[in-house]
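Novice: Each chain, written out:
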Amino acid sequence: MKAGLHRLLAPVHRQQSGLALLILLLGIALTMFAGSHPDPATDAPVNNFLNSYTLMQTATNASFFAIMAVGATMVIAAGKIDLSVGSIYALSGVAMAMTLRALAPGTGASVVVGIVVCLGVGTLCGLLNGVMSVGLGVHPFIITLGTMWALRGLAFVISHAESILVPDALTDVAKATLGLPPGLYPVPLATMLATTALGFVVLSRTTMGRHIYAIGGNVEASRYSGLAINRLVISVYAISGLTAGVAAFIGCAYYGSAASADATGYELYVIASAVVGGASLSGGKGGAVSAALGTLLIVLIRQSIVTLRLDQNYEWIIIGCAIVTAVAIDQFNARLAARRMARERSQ
Amino acid sequence: MRTQGAMIRRTFSRTMTAAAALLVALLATAPGPGITAAQSKNVRIAMIAKSSTNPVFLSSRTGAEAAARALSAKHGINVTINWLTPPTEDGQVQAQRIAQAVNEGAQAILISCSDAAKVNGAINDAVARGVPVMTFDSDAPASKRFAYYGVDDIETGQRVMAELAKLMNGKGNVAILAGNQNAPNLQKRAEGVRKEAAKSPGIKILNTFYHVETPQDAAAKVLEVMKAYPEINGWAMIGGWALFTKTLLTDLDPRKVKVVSVDGLPPELPYVDKGIAPMLLAQPTYQWGYVSVEKIVDKVYLKKDVPAINKMELVPVTKSTLGKWARQLKEWGFTDVADEYLKLP
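So the sequence lines, in the order shown, correspond to chains W and D. Residue 347 is where the first sequence ends in the working numbering, and the numbering goes up by one at each step. Residue 345 is where the second sequence ends in the working numbering, and the numbering goes up by one at each step.
It is worth saying that the hints were derived from the structure and are not from the lab. Note that this is a predicted model, so its numbers are computed, not measured. A couple of the hints might just be wrong.
Stated by the list, open to error - Pulled from the structure, derived: some chain D residues nowhere near chain W, Cβ distances all over 10 Å:
#1 66
#2 83
#3 97
#4 118
#5 119
#6 158
#7 204
#8 216
#9 228
#10 245
#11 246
#12 250
#13 311
#14 314
Claimed, not checked - Estimated spans, in silico, between C-beta atoms of each pair:
#15 D:155 - W:308: 35 to 45 Å
#16 D:247 - W:198: 35 to 45 Å
#17 D:204 - W:193: 51 to 61 Å
#18 W:105 - D:253: 53 to 63 Å
#19 W:42 - D:309: 27 to 37 Å
Glycine is no exception: its CB is placed at the ideal position from the N, C-alpha and C atoms.
Start from the sequences, fold in the hints, and give me the full structure.
Specialist: Structural data, given as structure tokens:
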């Protein structure tokens, strides 16, 4: 039983312990230096970082990026890139909000229609990226750069730049407390965990996952091995679109509205999360759990700027430097571990 | 191979043990629900403007900090401003900052909403946890904020168009420079411009032009549009972005094109002086911060009633009032006011 569990978690161990350690160290540093404030009800000191509300909010902030990062990791592991996830998020959200406004279905039906439209539009956009990449033979960077603009433009045109409110039924779902105290909303976190778990299973426990790494690692060898490369590429883009649709549903429902400007620039955070999580832009490497941890690290860095009262104007500099440092430390650790293992093997 | 597996398991289990310890600690420190505002000598206000790269919000921050100092001295309390403005406009990030401000013990929140619909929920959550919220510049009227301070946006658009129509003698072709198409306050101002233009049969609105809200993007948009629509005689600028550059000082001919713009910051003053923008309708952006902080202290510390809508009046800046306005800007802490304008009567 124990051996089976270790076998199951082996890929997690290898890639994620370094990231988890970094997150933990940052969390400890934040706890130590964040200061505290008196609880207005009891006057007891409350740590500005280490309290359930802040931690849940951090997880919520990370969840929208992390859900998309799981899909983006599959694309990157297959040796491709998807720059359009932020625009897919915006179009899916706007399409959902407009459909719900037009149909005005009942409470329960709103949620179902919202999920179907959001996930459906996301998947269709992903399929479009995949089909165009394969069919036109143009580099995916160019295809998804084009769809990044076109899909956001479409969202803008159909929404007339309005921020469209979504029905309360959706917000009630995304902000359900599930038995926790008021003000703690675990649904985005739960969705992130479920998406990450699914991504982990697909990438590490299925034939499709092995094939994704194979075509990312060596596309020619995969072709000679008889892998259906085009079908796989279309599939990973569809999954990336689907995860953007899931993030859009949770995000728009949680914040209560959808607009064409939503998730502007998020594609770069998503790609950065995957890379910080160990995905290689040349393909063949990356994991769902790592991507989620990478997202959490980036969101924690963003949050630390506010919590530690650093000058907000330095946010981009700090995040940029932190991403490069995190990846460099990860690479350094990986090299050290490889050297240590080689030494132990030779003994 | 066994050694490698053992090492990985060891590292992993150590990491996870530490993570579990952190989790236990966090659960132990979780505060209970139902936080209410308590009387305190500290009034910590989280200020969330639309973007920290826009100079109008930097002046509002200067105003807020000045009010904090003045009110601290006046009432013997400690009013502090915690600047939580995101670098670029993003309603979702603003909603996250509201939650973070509440979690970190803010006693009140002051916000200019990039997207009111996106922050309504976060404002309502903050109010439910006992933290009052006030809006400035761009309101969230559907939320539970206790007050708003700023201009009436439709009236502002109407005033821009009315002044421009006067300068154009009631006839000509007008373009609207409208900034971010998603900002509800700017949408209303553009609506006000169109509404007022409809009253003048000789005025034709050619189009509304949106752009990224940076000075360079705005100026580039004006130049691009002037090439495509050479028949333009007037620009109704519902924000001052394009006039924060020097480009249009040489590229717009004041004999052919007149500009009326909202805002009146130091970089815009040469446009008044050269007659390209004979009138600026300045929002005293310093007052966004100053007056709003006064209202918050009234509400939170002095327990006074504060009206829900607190209207800000626009200040017309023309060649005859340029010197007075320049000195006012200098007094509010702007360091880039040209000496030549300060010397004017």
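Novice: So, for every hint listed, does it hold in this structure?
Specialist: Hints, verified against the model:
1. 66: holds, 19 Å
2. 83: With a cut-off of 10 Å, residue 83 of chain D comes too close to chain W, as the shortest Cβ separation is near 6 Å.
3. 97: violated, 7 Å
4. 118: violated, 5 Å
5. 119: violated, 8 Å
6. 158: With a cut-off of 10 Å, residue 158 of chain D remains clear of chain W, as the shortest Cβ separation is near 21 Å.
7. 204: Non-interface label stands for residue 204 of chain D: nearest chain W Cβ at 22 Å, farther than 10 Å.
8. 216: holds, 18 Å
9. 228: holds, 19 Å
10. 245: Answer for residue 245 of chain D: holds, closest chain W Cβ roughly 21 Å.
11. 246: Answer for residue 246 of chain D: holds, closest chain W Cβ roughly 24 Å.
12. 250: holds, 31 Å
13. 311: holds, 24 Å
14. 314: Fine: 25 Å to the nearest Cβ keeps residue 314 of chain D off the interface.
15. D:155 - W:308: 35 to 45 Å: Given a distance of about 42 Å, which is inside 35 to 45 Å, the answer is holds.
16. D:247 - W:198: 35 to 45 Å: Distance hint for residue 247 of chain D, residue 198 of chain W is violated at roughly 52 Å.
17. D:204 - W:193: 51 to 61 Å: Given about 57 Å between the Cβ atoms, the range holds.
18. W:105 - D:253: 53 to 63 Å: Taking Cβ atoms as reference, residue 105 of chain W and residue 253 of chain D lie about 57 Å apart, which means the hint holds.
19. W:42 - D:309: 27 to 37 Å: Distance hint for residue 42 of chain W, residue 309 of chain D holds at roughly 36 Å.
Comparing the model with each earlier hint shows violations of hints 2, 3, 4, 5, 16; every other hint is respected.
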